[in-house]
Amino acid sequence: MSLLELKNVYKIYGELHALDDVNFKVEKGEWVSIMGPSGSGKSTMMNIIGCMDKPTKGEVLLDGVDIAKESKKNLTTIRRDKIGLIFQQFHLVNYLTAVENVMLAQYYHSIPDEKEALEALERVGLADRAKHLPSQLSGGEQQRVCVARALINYPEIILADEPTGNLDEANEEIVVDLFNKLHKDGTTLIVVTHDPEVAEVAQRKIVLRSGRIAKEVVNENFTGKIRFTD
Amino acid sequence: MKKRRMFIKMILASLMRRRSRMVVALLSIAIGATILSGLISIYYDVPRQMGAEFRNYGANMIFTASGAEFTLDDVNEGRAVIDESKIVGVAPFRYENVRINEKPVVAAGTDPDGVKKTSPYWRITGNALEKNGQLLVGANIADTFRLKEGQMIDVSYTPEGMEQVDENGDRAVIEDNIKSFTVAGILDTGGKEEDYVYMTLADMAELSGTQGRIDAAELSISATADELSDYADKINSTVGSVHASLVKRVTASEATVLTKLQALVLLVTIVVLALTMICVATTMTAVVAERRKEIGLRKAIGASDSSIIKEFMGESMLLGLFGGLIGAVLGFVFAQEVSINVFSSPISFRPLLLPITVLVSIIVTGLSSLMPIRSATDVDPALVLKGE
Numbered sequence: 346m347s348l349l350e351l352k353n354v355y356k357i358y359g360e361l362h363a364l365d366d367v368n369f370k371v372e373k374g375e376w377v378s379i380m381g382p383s384g385s386g387k388s389t390m391m392n393i394i395g396c397m398d399k400p401t402k403g404e405v406l407l408d409g410v411d412i413a414k415e416s417k418k419n420l421t422t423i424r425r426d427k428i429g430l431i432f433q434q435f436h437l438v439n440y441l442t443a444v445e446n447v448m449l450a451q452y453y454h455s456i457p458d459e460k461e462a463l464e465a466l467e468r469v470g471l472a473d474r475a476k477h478l479p480s481q482l483s484g485g486e487q488q489r490v491c492v493a494r495a496l497i498n499y500p501e502i503i504l505a506d507e508p509t510g511n512l513d514e515a516n517e518e519i520v521v522d523l524f525n526k527l528h529k530d531g532t533t534l535i536v537v538t539h540d541p542e543v544a545e546v547a548q549r550k551i552v553l554r555s556g557r558i559a560k561e562v563v564n565e566n567f568t569g570k571i572r573f574t575d
Numbered sequence: 002m003k004k005r006r007m008f009i010k011m012i013l014a015s016l017m018r019r020r021s022r023m024v025v026a027l028l029s030i031a032i033g034a035t036i037l038s039g040l041i042s043i044y045y046d047v048p049r050q051m052g053a054e055f056r057n058y059g060a061n062m063i064f065t066a067s068g069a070e071f072t073l074d075d076v077n078e079g080r081a082v083i084d085e086s087k088i089v090g091v092a093p094f095r096y097e098n099v100r101i102n103e104k105p106v107v108a109a110g111t112d113p114d115g116v117k118k119t120s121p122y123w124r125i126t127g128n129a130l131e132k133n134g135q136l137l138v139g140a141n142i143a144d145t146f147r148l149k150e151g152q153m154i155d156v157s158y159t160p161e162g163m164e165q166v167d168e169n170g171d172r173a174v175i176e177d178n179i180k181s182f183t184v185a186g187i188l189d190t191g192g193k194e195e196d197y198v199y200m201t202l203a204d205m206a207e208l209s210g211t212q213g214r215i216d217a218a219e220l221s222i223s224a225t226a227d228e229l230s231d232y233a234d235k236i237n238s239t240v241g242s243v244h245a246s247l248v249k250r251v252t253a254s255e256a257t258v259l260t261k262l263q264a265l266v267l268l269v270t271i272v273v274l275a276l277t278m279i280c281v282a283t284t285m286t287a288v289v290a291e292r293r294k295e296i297g298l299r300k301a302i303g304a305s306d307s308s309i310i311k312e313f314m315g316e317s318m319l320l321g322l323f324g325g326l327i328g329a330v331l332g333f334v335f336a337q338e339v340s341i342n343v344f345s346s347p348i349s350f351r352p353l354l355l356p357i358t359v360l361v362s363i364i365v366t367g368l369s370s371l372m373p374i375r376s377a378t379d380v381d382p383a384l385v386l387k388g389e
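Chains as they are written, first to last, in the numbering used here: chain R, 346 to 575; chain U, 2 to 389.
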């Protein structure tokens with residue numbers, strides 16, 4: 346059984362078909378990137394996979410459960426337990442330190458554990474910045490805190506929305522390396538990106554256009570390493 | 002770390018690390034709490050302050066004899082019923098018809114110290130009645146006899162029964178008692194007191210030749226109309242020899258003024274309370290609005306609606322607590338300033354007002370925050386993903 350499966354998924358706003366009969370599967374431990382121009386339906390799909398929206402029609406099976414039929418309250422629980430979110434603009438709580446931001450995800454999930462949160466920050470190479478506020482961290486460091494927060498509850502899927510959109514090349518490489526490490530640890534990654542270099546790193550690339558899957562490319566030369574083109 | 006510790010850490014961090022934002026909210030709550038606590042202090046202190054002012058208008062209770070005999074002991078028995086701390090002064094009076102230059106005059110024997118307290122409005126040219134041998138002369142009497150301060154005059158008193166039969170059956174005419182007095186001062190009140198002369202009770206006893214008896218006692222009591230009425234009822238039912246009655250023109254006008262003043266302060270308090278609530282609600286709406294993204298994030302990473310409500314409510318209640326504490330202290334200072342400037346006397350500190358102000362402040366802040374916080378739960382977590 347696939348970890349995630351979208352079956353004939355539609356999202357319709359009046360006349361607009363934001364998603365139009367989308368079908369695809371993501372296997373456990375797989376690294377998938379989703380590409381597409383603005384208005385192609387990437388955000389709508391992210392919202393649906395991230396349990397923040399429901400499709401108008403179709404099934405979205407996450408670990409065998411059709412989340413399209415779940416209540417808002419249950420969707421919150423599923424999101425909390427199964428999905429780790431990484432955002433383009435990091436979205437750290439600006440008055441909490443790095444470690445407190447990581448513990449925030451634990452707080453809503455189960456019990457906050459500072460030691461575990463520090464270990465998560467260590468995994469992303471930020472143990473020495475644990476007590477810093479977001480305003481004292483660089484963009485790359487903030488994104489790494491965001492990654493640590495996403496993985497702290499051991500989610501089934503890490504869903505990243507333009508994770509390198511606000512980073513320079515050096516930090517982009519660091520974040521992609523982190524994804525590679527997570528992938529090697531068996532974490533399932535779905536990365537929505539505009540950046541072809543980041544999209545190319547994934548094992549499989551899905552290209553959306555006008556709410557439909559236009560192309561699906563399997564990366565035969567998967568290394569998990571980013572290759573910058575000049 | 003326990004969840005509760007993290008919760009406290011989060012709301013404290015939100016208040017302490019967002020100081021510039023929170024200071025505005027805290028100020029609005031503290032100002033509201035200050036005015037509220039100050040007005041409540043004034044509201045409860047007005048009766049005491051006004052009571053003290055009204056004591057300048059003279060006695061508000063009169064003791065008279067309910068039987069044939071009425072002495073100072075009876076007055077003291079009646080006085081014992083009243084809370085001693087509320088008694089401003091007691092002045093016993095004994096009235097007798099005396100003569101000055103063979104013309105009849107009403108003389109009153111009294112306690113000089115007591116009368117100063119029960120009749121602070123007396124305007125005296127010269128000196129007040131201080132000791133035996135002195136006479137305080139009403140202005141009309143002074144005019145009639147052309148009396149001046151420091152002048153010596155004789156006052157005569159004819160004992161009851163002009164003739165007495167001795168043991169031998171001889172009739173003997175009793176002579177007038179005559180006593181010399183120094184005029185201490187001239188009394189000007191604009192009332193009936195100007196037709197009297199005042200001396201000490203001891204002088205009156207000496208002049209009349211009879212001890213102990215008095216006719217009335219005036220009492221000045223710092224109490225509300227209801228309390229006065231209760232005291233009078235209690236005295237009338239428990240002290241057989243005394244009949245207590247209220248000086249209606251003083252107690253009634255005092256009650257009217259107090260009721261109106263307290264109603265005014267209460268009205269202002271309610272208006273301030275309403276304004277504080279609007280102010281706090283507006284501030285909290287702004288606080289919530291500028292944190293929509295944070296709320297979206299919290300929901301995106303798994304916060305339930307109840308968690309969001311709990312966290313924001315915790316913050317606003319903590320603000321209410323701090324604002325209430327500041328307000329309780331500043332409110333006392335505010336009430337003190339008002340009291341000193343208006344009533345020329347300090348306000349009494351009411352310790353109970355501290356927890357009440359803090360509690361009201363927490364409740365008002367909580368209630369005012371309810372609507373904006375409730376709307377916070379409508380924030381769509383997807384808004385964070387959209388990068389808005």
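Hints in this document: simulated from the structure, not taken from any laboratory. Since this is a predicted model, take the numbers as computed values, not measurements. One or more hints might be untrue.
[To be verified] Okay, the calculated beta carbon distance ranges per label pair: (1) Glu-501/R <-> Ile-9/U: 28 to 36 Å; (2) Glu-291/U <-> His-539/R: 23 to 31 Å; (3) Ile-279/U <-> Gly-531/R: 33 to 41 Å.
[To be verified] Okay, derived cross-link-like pairs now, PhoX-like style, lysine-lysine, Cα gap no bigger than 20 Å in a straight line: (4) Lys-118/U <-> Lys-132/U; (5) Lys-476/R <-> Lys-132/U; (6) Lys-418/R <-> Lys-118/U.
The beta-carbon is built from N, C-alpha and C at its ideal position, and this holds for glycine as well.
Consistency of the hints with the structure:
no.	hint	result
1	Glu-501/R <-> Ile-9/U: 28 to 36 Å	31 Å, holds
2	Glu-291/U <-> His-539/R: 23 to 31 Å	29 Å, holds
3	Ile-279/U <-> Gly-531/R: 33 to 41 Å	55 Å, violated
4	Lys-118/U <-> Lys-132/U	16 Å, holds
5	Lys-476/R <-> Lys-132/U	83 Å, violated
6	Lys-418/R <-> Lys-118/U	75 Å, violated
Checked against the numbered hints above, the structure violates hints 3, 5 and 6; every other hint is satisfied.
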